[in-house]
Structures are given as C-alpha cells and as structure tokens.
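Visitor: One-letter residues, chain by chain:
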Amino acid sequence: MTEHETQSPSITTTVELDSVSKVFNLGKPNEVHALDSIDLTINNGTFVSLIGASGCGKSTLLRLMGALTHPTEGSVLVNGKSADQARLDRDYGMAFQTSGLFEWRTVIQNIELPLQLMGWDKVLRKERAREMLELVKLPEFGDHYPRELSGGMKQRVAIARALSFHPQLLLMDEPFGALDEMTREHMQMEVLEIWEKTGKTIVFVTHSIPEAVFLSNRVVVMSPRPGRIAADISVSLGKRDFDTRESQAFFDSITEVREALRFKESNR
Amino acid sequence: MVTREETSRAIARHERKEAIRRGVRRVVVFLAFLVVLALVYTGYKAFGESINDAQTEWPVVGRVLPRTNDLTMPPIIDMITELGQPPQRNSSKPLAAFIAEASLFTFREAAFGFFFGMVLGLALAILMLRSRWIERGLSPYLVASQTVPLVAIAPIVVIWGSKSMGWLPFVWQPWMSVSIIATYLTFFPVAMNGIRGLKSADPAAMELMRSYAASRRQTLMKLQLPAALPYLFVAFKLAATVSIVGAIVGEISGGVTGGLGRLILDYASRYTTGPPRLYASVMGAAVLGIAVVGMVTVTEFFVMSKRREGSTTS
Ligand SMILES: Nc1ncnc2c1ncn2[C@@H]1O[C@H](COP(=O)(O)OP(=O)(O)O)[C@@H](O)[C@H]1O
Ligand SMILES: [Mg+2]
Numbered sequence: 001m002t003e004h005e006t007q008s009p010s011i012t013t014t015v016e017l018d019s020v021s022k023v024f025n026l027g028k029p030n031e032v033h034a035l036d037s038i039d040l041t042i043n044n045g046t047f048v049s050l051i052g053a054s055g056c057g058k059s060t061l062l063r064l065m066g067a068l069t070h071p072t073e074g075s076v077l078v079n080g081k082s083a084d085q086a087r088l089d090r091d092y093g094m095a096f097q098t099s100g101l102f103e104w105r106t107v108i109q110n111i112e113l114p115l116q117l118m119g120w121d122k123v124l125r126k127e128r129a130r131e132m133l134e135l136v137k138l139p140e141f142g143d144h145y146p147r148e149l150s151g152g153m154k155q156r157v158a159i160a161r162a163l164s165f166h167p168q169l170l171l172m173d174e175p176f177g178a179l180d181e182m183t184r185e186h187m188q189m190e191v192l193e194i195w196e197k198t199g200k201t202i203v204f205v206t207h208s209i210p211e212a213v214f215l216s217n218r219v220v221v222m223s224p225r226p227g228r229i230a231a232d233i234s235v236s237l238g239k240r241d242f243d244t245r246e247s248q249a250f251f252d253s254i255t256e257v258r259e260a261l262r263f264k265e266s267n268r
Numbered sequence: 001m002v003t004r005e006e007t008s009r010a011i012a013r014h015e016r017k018e019a020i021r022r023g024v025r026r027v028v029v030f031l032a033f034l035v036v037l038a039l040v041y042t043g044y045k046a047f048g049e050s051i052n053d054a055q056t057e058w059p060v061v062g063r064v065l066p067r068t069n070d071l072t073m074p075p076i077i078d079m080i081t082e083l084g085q086p087p088q089r090n091s092s093k094p095l096a097a098f099i100a101e102a103s104l105f106t107f108r109e110a111a112f113g114f115f116f117g118m119v120l121g122l123a124l125a126i127l128m129l130r131s132r133w134i135e136r137g138l139s140p141y142l143v144a145s146q147t148v149p150l151v152a153i154a155p156i157v158v159i160w161g162s163k164s165m166g167w168l169p170f171v172w173q174p175w176m177s178v179s180i181i182a183t184y185l186t187f188f189p190v191a192m193n194g195i196r197g198l199k200s201a202d203p204a205a206m207e208l209m210r211s212y213a214a215s216r217r218q219t220l221m222k223l224q225l226p227a228a229l230p231y232l233f234v235a236f237k238l239a240a241t242v243s244i245v246g247a248i249v250g251e252i253s254g255g256v257t258g259g260l261g262r263l264i265l266d267y268a269s270r271y272t273t274g275p276p277r278l279y280a281s282v283m284g285a286a287v288l289g290i291a292v293v294g295m296v297t298v299t300e301f302f303v304m305s306k307r308r309e310g311s312t313t314s
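Note that the protein sequences, when read in sequence, are chains S and L. Be aware that the first sequence starts at 1, since it is given in my numbering, and climbs by one per residue. Be aware that the second sequence starts at 1, since it is given in my numbering, and climbs by one per residue.
Honestly, the hints are just simulated from the structure, not real lab data. Please note that a few of the clues may not be correct.
Straight-line Cα separation of at most 30 Å, DSSO-like style, residue types lysine-lysine; simulated pairs [unchecked claim]: (1) S:122 to L:163; (2) S:137 to L:222; (3) S:81 to L:17; (4) S:126 to L:222; (5) L:237 to L:17.
Work out the full structure, taking the sequences as your base and the hints as a guide.
Guide: Following this line, the structure appears as structure tokens:
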C-alpha cells in the first residue's frame, strides 16, 4: 500500500482512500463494520481488480469511490477532489452486474441518456452514441430495445453508456457476474481492448480469480469482517491474448492471489 | 448481420400480429359471453314464468326462486325494439337517441373528471415521493376521502359550484360540478398506484442517475415516471370506470339533468309503465364504461408496445 499525500495529489493519482472505514447502521443492533481503515491509491491508467469473498466490502469500497455512499471515517479523493465533487463533475462512469438499461429506450437512446442529462446537443449526442456502439462492437443494434439483446450484449451497452461522456474513471461491480463462461471470456477481451484504446482507469470488482488476474495490472485482495486489504498484488502478463490464459505467468499469478485469499481465510 | 436485422423485424411483425389476434379473440369471447348471458336470462325468465300456484308450496322452486313476468324481467327482444321507439308519446326521437345523448353528456363529465383526477392523482403521487413525511401524513386522508359517501358530497359540490364560481372567465355549468365529483373518485387510484409505480424504479437505475448527477426533476422525468407507467395504466383503467360511476351518482344526487344518471332515475321512477327502458338505459351506462376502459387499453397498447409487458405473449 502506497503512502498517501493529502496535499496536492500528483496528476497521476486518480483515486485516493485515506484510512477509510465504513460502518452501516452505526449504534444499532444490526451494526455492520463493512470496511476498516482502508488505505488505497490508484494511479491513472491502471486496471485494478478488487477481489474477495462475498460480503467483504468490495461493492461498498467501489460505491465509496463513486460517492453513492459516504465513509464513516477517513477521506475519499477522486481526481484530487472529494468523491462527491467528482460525482457532480461527472468524473466517472459506472456499470453494475445488472445492466440497468431502461427498457423503454432503444439501445442508442440508452447510451445517449447521460449526454442528454448533461444537456448535449441532439446531433452530437447521436454521433457520440454511434461511436460508442462501434467501440463495443454493436453498431447495427442501435434501434433495438434491450429486451431484444442477450445478457452479454446488454452489458456491452451498459459499458458504452458508462463511457459515453468520456469519464477518465470507470467503476465496474461484477459486470460479467451474470454471464456464462464463454461470453464472459469474450467480454474480458473486449474490456481490455477498450482499456488499451482509451487509457481509462478501471476499478473492477469480481470474485473470480482468473478474471481478476487476466484483466488487471493490480489485484487488491480483500478479507472479510471487517473488510480489510489483505494483499496488493501486481500482475505483469504483458499484452493479453488467447495464449495468456495458458501461460505459466498466468497460473503463477492465480496461485499468488489464491494463496493471499486462503492465508487470510485461515488467519481469521 | 442483415439476417439478424431481418429476424428481429420478423419477430416484431409476428408480435404485432399476435397482439391483434389477441384483441380479436377478446372481442369474440366478450360477444360469446353476451350471448350466454342473454340465454341464461331468457332461460330463467321462461322457468320463472312457468312456476304456477300449485308449485308455490314446493320447497325450493316455489319459495326461494322468484317467479317472473314481463314486468320484472322484460324480454330481451323488447329491450332492443324499445330502443327504436320514442320513450314517451310527445316525442319523435327514439329511445336510442335519448340514451346516446345522455351518454355523451355523461361522458363529457366523466372525461373531465378523469383528466383532472389524473393530474391531481399524479401531482399527489409526486408530492408523496418527495418526502416520507408527506406520504405518511397524507395517505390516511386520501383513504378517508374515499369512505365519505358520494351522496353526501354531491349536493354540496353542486351548490358550491353554482354559488361561488362567478370569478371564472366562463359560466359555471352544473355538469362541471359533476366533473368535480368524478374527480373526487378518480384521483385516488392514480395517486395510490402512482406512488407505488414511482417507487418501483430499479434501484440500480436510481444509483446510475445519481452517478450522472441527475437532478430530481430529471430522475423523475427520465426514470421514475416511465417506470411507473405500467402501474399508472392499471390506475387509469380503474379511474375510467370510476369516473363514469362518479358522474352518474353525481348527477343523481346533485340533481343535474341531461345525463345518464337523470335518465336512469326517470325511467326507474316510471318503471311500471315501461320496464325495458330502464334496462336499456342501464345498458347504455355499461357500454359507456366498456368504451372508456377500451380507450385506455388501446392507448396503453400503443404507449407500452415497446416494453416487455406490452409485447410478449402472456
Ligand atoms: N446498505 C447497507 N446497509 C447495511 N449493511 C450493508 C449495506 N450495504 C452493505 N452492507 C453490508 O456490508 C458488508 C459488505 O457488503 P458489500 O460491500 O456488498 O460486499 P461484497 O460486494 O464484497 O459482497 C456486508 O456484510 C453487507 O451485508
Ligand atoms: Mg457486491
């Protein structure tokens, strides 16, 4: 874990969490210590995965970065601002496990939604939405309704929507969790392609070890009750392709993550 | 790629056809039921007429089942032929014309009642969405408002309407008071289903709107209202029927002439001189009810045709 700097964060730092704790229902019988003194700095352009057992606070951590919930203690900075200010400045895009597409809007209208809310001109909006459809490889599906798409296609639309206004930061919470294995691997390749093309900072929550290793530069392993960072593992597999999943380096990284998870498990 | 386009278009075409076929099936079933109903009516009438004095001592047939004659159950054929006859001697218009005119008069009252009820109901639902406290404070009063008998409010509204609406740029007509009475009934289902519908928006979608820093108004217009539409259409159908009921009861208890309510009251008081007239005018009310619900259903079909609820076979 990197030392944090509260004063003038360098331009290369996108997310900075400083001894963040989150307690739900504070002082009530159903109090939950979801996160405990988390320090985490994410540099611009990195692909970071958060991994851990279900209930260890991955979603909560991501939601803190997106200012959808607020820390009980500590501070969250995004692009050097408070997470709330970053939200108001539309500094990040989000995608969840459920695509959250509006079923009464066509694919293209769904992608346009954030732009429409930001008051973009109609022509520019359409143009950008078309670009985004190209990016997620669904150019011919613009006029379809979500119900006509498969699960994988819906997630691609959700990603296109999250990226439509070109946020530098992309927060994804198990976006491929509901997809079958084949579609999932396919989507992983595509997300990597988008990442390489656009140079976004991506924070990606998953509970699949191979997925975390395949996608990331950095895997943050979390342990439950209260949620803590158990290990911070860098992954260097070079450019990913079909052979990556069969390479020795891939397996070594998987083993490393798995052991970090298990170590915490037995240490509880 | 082209084939995928074509497939989906073919699916859409198929779904449209399916929808039309379902509509036709509905009408056929409705007519079949009407025939069955007429047969049951006629059958019982014949049975009730055949009960003679000797059978009045019989346990069920004589005691429980009422005897019938042309006064209690006029023949269906009479109801139909009566439609073509003038209802009283001094008029040349057939009964059907009277019923049609009265129906239109009542329809106008109900339509305004429906419209204002819709607006008021939606406004209340949006207000309740704004704050929990408003919802908690308001909803018991809304429920209570519906338990006040209409016969108690109707005369008040009519008098109040004729006495204190002088400030309006148009002349206040009695039927407008009836519209207000109908509004009193129609706003309720819209407000109640409206708040449920507005709250039915997918939580993930709500968070998404938050992440886009969308304003409350934007969230309402772009997400919550569209999400509420299926609920609202259920409410609109209820409101449509209830607007007719409200208009008829309002006319009767407010003493407003010109509509179905007054017509029904008239023919009821002179029932013995022509039973089929009352039956025919009640049927006029039923047809009006079916017509307004039909209008809402057709609107729903077009508005919702893009949605899952609207276009999959269920
Ligand atoms: N809104 C909430 N209210 C109360 N408890 C919550 C809330 N959100 C999450 N939690 C609790 O916080 C813990 C972490 O949840 P979460 O971040 O969703 O875990 P993960 O995403 O890793 O599965 C869990 O024990 C969960 O029950
Ligand atoms: Mg989660």
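Visitor: Under the constraints set out in the numbered hints, which ones does this structure not fulfil?
Guide: 1, 3
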